[in-house]
Amino acid sequence: DAKTTQPTSMDCAEGRAANLPCNHSTISGNEYVYWYRQIHSQGPQYIIHGLKNNETNEMASLIITEDRKSSTLILPHATLRDTAVYYCIVRSMEYGNKLVFGAGTILRVKS
Amino acid sequence: GAVVSQHPSWVICKSGTSVKIECRSLDFQATTMFWYRQFPKQSLMLMATSNEGSKATYEQGVEKDKFLINHASLTLSTLTVTSAHPEDSSFYICSASRYRESNQPQHFGDGTRLSIL
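Residue numbers (this note's numbering), protein chains in the order written: chain A, 1 to 111; chain B, 1 to 117.
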């Protein structure tokens with residue numbers, strides 16, 4: 001699986017957009033980008049995923065660069081409940097569909 | 001959205017006992033389930049992939065005789081930690097996927113916190 005690189009931590013003001021970057025420069029053509037988050041002492045929560053087009057759902061937007069080497073997760077109006085560890089994962093169908101978690105980004109939303 | 005349930009959520013037991021953790025997909029049939037372990041302040045580590053009706057595939061370094069996985073039906077997988085010791089204390093999390101080869105997301109349970117005294 002392609003490796004991802006994320007900042008260790010980020011702060012965001014409540015009500016503002018949170019933009020979480022992820023680098024995946026070795027991603028291959030059939031690998032998807034997935035985002036999950038984990039709130040303390042809970043299981044990871046699925047947020048969004050994409051292959052090459054930008055995606056939006058009720059939780060977030062995913063912007064993938066044209067060369068697919070990086071992506072950005074956008075939480076449009078962050079709330080205190082969005083404080084969590086955010087994981088960007090590149091997933092390959094060729095490797096049993098596994099999710100391999102990195103260290104993620106600790107997002108702290110502050111009032 | 002898809003719901004995955006884990007039971008128990010918390011268990012404390014004496015060293016040397018075996019502990020069984022259940023993972024159920026409540027509203028879909030899961031051909032594949034995954035088991036993870038997470039130590040404090042660390043990320044999730046994949047332990048094994050469980051496929052319905054066949055043997056589990058374990059990640060390198062995970063003892064298959066220590067962590068017994070059964071996936072007898074499309075909605076239930078179990079992880080048994082045999083002869084548990086304090087170093088097995090951890091947060092165990094399962095996830096379920098509808099299809100083995102699919103871009104559909106995995107959905108996670110809320111985890112089981114295991115404490116071995």
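Derived from the structure by calculation, the hints contain no laboratory data.
From a predicted model like this one, the values you see are computed outputs, not experimental measurements.
C-beta atoms are modelled at their ideal positions from N, C-alpha and C, and glycine is treated no differently.
Keep in mind that the hints are not guaranteed to be accurate.
Unchecked claim - Partial pick of chain B residues on the chain A-facing surface, computed with a CB cut under 8 Å:
#1 T31
#2 T32
#3 F39
#4 L46
#5 N103
#6 Q106
#7 D110
How the hints compare with the structure:
1. T31: Hint violated; T31(B) Cβ to chain A Cβ min 10 Å, cut 8 Å.
2. T32: The hint holds - T32(B) has a Cβ within 8 Å of chain A, the shortest such distance being about 7 Å.
3. F39: Violated. Min distance 13 Å.
4. L46: 6 Å, holds
5. N103: 5 Å, holds
6. Q106: 6 Å, holds
7. D110: 5 Å, holds
Figure legend: structure checked against the earlier numbered hints; hints not met, in rising order: 1, 3.
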